Each structure stands twice: as structure tokens, then as C-alpha cells.
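Quick mapping for you: the protein sequence lines, in order, are chains A and B.
Per this note's numbering, residue 7 is the first one in the first sequence, and the count goes up by one each step.
Per this note's numbering, residue 7 is the first one in the second sequence, and the count goes up by one each step.
Honestly, I wouldn't trust all of these hints.
Note: identical chains are not told apart, hence a pair may lie in one copy or across any two.
As the list claims (entries may be wrong) - Cross-link-like lysine to aspartate or glutamate pairs, in silico, EDC-like; alpha carbons within 20 Å at most:
(1) K39 with D158
(2) K97 with D186
(3) K80 with D127
(4) K97 with D127
In case anyone wonders, no lab produced these hints; they're calculated from the structure.
Values in this document were obtained by computation on a predicted structure and should not be read as measured data.
2 protein chains.
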Amino acid sequence: MKRVRLFVSYDGTNYCGWQIQSNGITIEEELNKAVSDLCREEIAVIGASRTDSGVHALGNVAVFDTNSRIPGEKFCFALNQRLPDDIRIQKSDEVSADWHPRYQDTIKTYEYCFLNRRIPDPTRRLYTYFMYYPMDVEKMQQAADYLVGEHDFKSFCTPRTQVASTVREIYDCSIIKEGDIICMRVRGNGFLYNMVRIIAGTLARVATGLYTPEHVKEILEARDRNVAGPKAPPQGLTLIEIEYPQDKKIYFSY
Amino acid sequence: MKRVRLFVSYDGTNYCGWQIQSNGITIEEELNKAVSDLCREEIAVIGASRTDSGVHALGNVAVFDTNSRIPGEKFCFALNQRLPDDIRIQKSDEVSADWHPRYQDTIKTYEYCFLNRRIPDPTRRLYTYFMYYPMDVEKMQQAADYLVGEHDFKSFCTPRTQVASTVREIYDCSIIKEGDIICMRVRGNGFLYNMVRIIAGTLARVATGLYTPEHVKEILEARDRNVAGPKAPPQGLTLIEIEYPQDKKIYFSY
Numbered sequence: 007m008k009r010v011r012l013f014v015s016y017d018g019t020n021y022c023g024w025q026i027q028s029n030g031i032t033i034e035e036e037l038n039k040a041v042s043d044l045c046r047e048e049i050a051v052i053g054a055s056r057t058d059s060g061v062h063a064l065g066n067v068a069v070f071d072t073n074s075r076i077p078g079e080k081f082c083f084a085l086n087q088r089l090p091d092d093i094r095i096q097k098s099d100e101v102s103a104d105w106h107p108r109y110q111d112t113i114k115t116y117e118y119c120f121l122n123r124r125i126p127d128p129t130r131r132l133y134t135y136f137m138y139y140p141m142d143v144e145k146m147q148q149a150a151d152y153l154v155g156e157h158d159f160k161s162f163c164t165p166r167t168q169v170a171s172t173v174r175e176i177y178d179c180s181i182i183k184e185g186d187i188i189c190m191r192v193r194g195n196g197f198l199y200n201m202v203r204i205i206a207g208t209l210a211r212v213a214t215g216l217y218t219p220e221h222v223k224e225i226l227e228a229r230d231r232n233v234a235g236p237k238a239p240p241q242g243l244t245l246i247e248i249e250y251p252q253d254k255k256i257y258f259s260y
Numbered sequence: 007m008k009r010v011r012l013f014v015s016y017d018g019t020n021y022c023g024w025q026i027q028s029n030g031i032t033i034e035e036e037l038n039k040a041v042s043d044l045c046r047e048e049i050a051v052i053g054a055s056r057t058d059s060g061v062h063a064l065g066n067v068a069v070f071d072t073n074s075r076i077p078g079e080k081f082c083f084a085l086n087q088r089l090p091d092d093i094r095i096q097k098s099d100e101v102s103a104d105w106h107p108r109y110q111d112t113i114k115t116y117e118y119c120f121l122n123r124r125i126p127d128p129t130r131r132l133y134t135y136f137m138y139y140p141m142d143v144e145k146m147q148q149a150a151d152y153l154v155g156e157h158d159f160k161s162f163c164t165p166r167t168q169v170a171s172t173v174r175e176i177y178d179c180s181i182i183k184e185g186d187i188i189c190m191r192v193r194g195n196g197f198l199y200n201m202v203r204i205i206a207g208t209l210a211r212v213a214t215g216l217y218t219p220e221h222v223k224e225i226l227e228a229r230d231r232n233v234a235g236p237k238a239p240p241q242g243l244t245l246i247e248i249e250y251p252q253d254k255k256i257y258f259s260y
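In isolation and in its complexed conformation, chain A is listed as follows:
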């Protein structure tokens, strides 16, 4: 018996998110099918991040246990032959039997991309959030700077099941403009439910002048979801990378 780890990329457009659901097809389901088919065992993968419907990933992480004699690093190619073309394993390897993708410290990097132009571009509609009004990148960055550090992000969280704490640390939040694309890249030790999308929706309001950058500090301090901006739509969001600092090396860098 061995534990195999997968670095999973996907286009979330046609999926109801990661986690198995009764009302539609999910990434987890497709992975379970491909892995079970390849190993000829009934296998269920354990994922690191349960991304929402329509959200993309370049480096989500999953593990599974198998009796298969296929070497860990060969699963990548074998699974890609069985997966639909909107899911691709970027890398696979064998890890110790107790290595868990969630129950340890992680650093996650997300990117949220806006398309800022007068008319939408059909070829980028599935991976960006279209914004008609001119966006002020400098003001977005000023606002983003208030979020860096350890804070109670209760205002930036959709209340769901009880979480022990809404305190998280953001290490970096950078706004990068390339042509008509404006990307927010955020790296932190954990993100609450919908946190990146609510931050994106709030910074979009700063970008178009609806909020001042300073107002984001007030939103943060209010610890109240009702005062933050709306949740930005899923297609602009991509889970870029998950780092495991305890492993003392980066396994996969996109």
C-alpha cells in the first residue's frame, strides 16, 4: 500500500466545483473514476482545496492510497490519458502514508483576474471578470495593502458552518496590470469560505471609485460581512499553488 500525491490543474467552467455533489459532475468524481479505473480498485481521493463551482486551478493537491505497483511519478501520464481534457495532472509522486493535504500548515496562492475594457472579449470570458468602468490599479494596491498581515477576516467570509477562528494571515496581495487584464495575486496561510472572491469584489469597488482605499481598513475592522463588497463571480478565480512549508521544499511550482 502506498500514498500517491497529485498536483491537479483544471478548467472549472464545466464542473460543480471540487467536491462530489448530487446535482452535477465534479472534479473529485472525475479523479476518483480515473484513479479507480487505472488501479482497478475502488479509490476515493482526498483533496486539499474544495474549490467552488466555476473556479479554476493550476495546482490543487490530492492524495489517494493504492496497492497498484505503478511508480508514484508515473501516475501523472497514466491518469492524463483517462481524464477529460479540462483536467490535467501536472505532477505525481509518492508520499509517506501519513502525509495529508489538509491537516498540516499550508500556504495558498490564488489569482483573481479582471478584464477591464469597453467591450468583453469572448476568448477571455471564461477566465476573467469583465469590468466596463476604468479600474484604478494604484488605489486597488493601496486597499490591498491594508489586508496584508494577520487580521480577523470575518467581514470577508460567507458565514457557513462554524469555523474555530476567522483570523488568517495574508503574506502578500499584489495587483498586476498587463494590457487590459488586472490580476490580484494573494498568498496566505489560509482563506475563509469565499474570502478571495469577497476581497476581489471589494477591491473592484475601490478600483472604480465606489469605495476609498481607506474604507477597506474600516471594512476589515467592522468584522461584519454586510459591510464588505459583493462576492466576485467564480470564473475570475484560479487556485495557483499550495505550498507545504513542513515539507521544506516546494514540490510543484507552476
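Keeping the supplied structure of chain A fixed, place chain B upon it in accordance with the hints.
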């Protein structure tokens, strides 16, 4: 009666190309429906470039005649509300009654994009041609340089209906690398059937060492389709812009 011109962008993924076909939905058909619906007349648009199934466009051009009193520049917004989200009018204006998108000199710019990495990236699969083997951009550029100028491009054309001449002029053919994306941008006074995709397929062979750059000169001189490389797949191709030099100004620049 007036003639309205449209600058049309689309994601070609879900279409059987521009031109109306019996076996599937096309861009032309969707435009005819939207224009006819808006103007309450039976209208058929005339397109500049009949792009193939799966090929994208940022700036294709079409015209139609109408008795509608809507000002030319307003059609852009009114049509976008009626079109599916993978087709968007970038600009509209009124032109003279004899302005024709095809029967005059044009300069077209196409881009063909490769994704060069070890494993495909699902979020870019619809807009690039995945290449596993490392691509040599310098050699691609050397090969591309042989194509610049006025030549008989018979080797780079799928034989179809009789064309008067297979001589065309390429003004520029540049290979640009950005991260794992390699784009060929080609600008010329006309392109034969499948010409850009056959050039792309041939340069891909140069890039991976199957052909020398100098061999592209021989292919050109052979005037024989059988000696060139394969036609690269449609999803890497985008019609970027059509210029009308006689108009003495650029109407739409993406």
C-alpha cells in the same frame, strides 16, 4: 437605407466556423438572427473573412443594409444584448453603400499560439496548440523570415476551388515568446485557404528540430502542398485585425 459595419470578435470553440452550414451553428447565422431581430427585417450580413470551425477572431468585419433608424455606432451595444456571450461586437459604424468588406484591398493580421510545456494547461487548451517538445524560437523566427515578402505560397495552401493566383505578400511574421506561450503573428495582403495553419504547422516542425529553418525556403520554392508540414489545429488561430488601406485610417485597433 444604410450600410452598417461591424467589428466582430468571437470564441470559435462552439461554432462550425463563420459561414452558414447545414451541419451546425455558425457565427454568420447568429449575427443574421441578432441583426434581423433588432431591425425587424430579414437581414443577411456579408463577412470579410470566413474563418474555419474552431478558429477565433478579435476583429473580423461584416456589413449589412438596413432601413432601421438606429445610428450606426449604436448597433454595437444593441446587438451585444442579443448575441450569445461567445460573440461580441467591438465596434459598429455606418459606411457608404458601396463599401464591401472583401472586394477591396485588405491587410490581415493573424496570430497562431502554441503552449509549450510538459503537461497541458486546461485553462488554455481552447486557445493554444499544445506542444510537448521544447520549441526553438530563434529557429522559428529564422524560418519565418523566409516567408516575408511576395511569394507563391502554393505549398502552404489546401487545394480547394480554383484561385486565380497563389501569390501573396507577407509584410511581417514575428515569433514572440511569453512564458510558456509562443505566438506567431503574421500580417499580409491576403491568405490562401488554411495558409496560416499550414505555416504554423511547418514552423512547429522547425521549432522541434524536424526541419531546418532553411528547409522552409525549399518548401516555399517547391510549390507543392505535400512537402510542407501538417495543418496546425484551429484552436491556436485568431484573426486579430483586418485593415482597409483605401480607407486611409484604421477603424478598429484591438
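Here's how the hints hold up against the structure:
no., hint, in the structure
1, K39 with D158, "neither (39 Å within a copy, 52 Å between copies)"
2, K97 with D186, "between (32 Å within a copy, 17 Å between copies)"
3, K80 with D127, "between (38 Å within a copy, 18 Å between copies)"
4, K97 with D127, "between (32 Å within a copy, 12 Å between copies)"
Violated hint: 1 only; the structure is consistent with all others.
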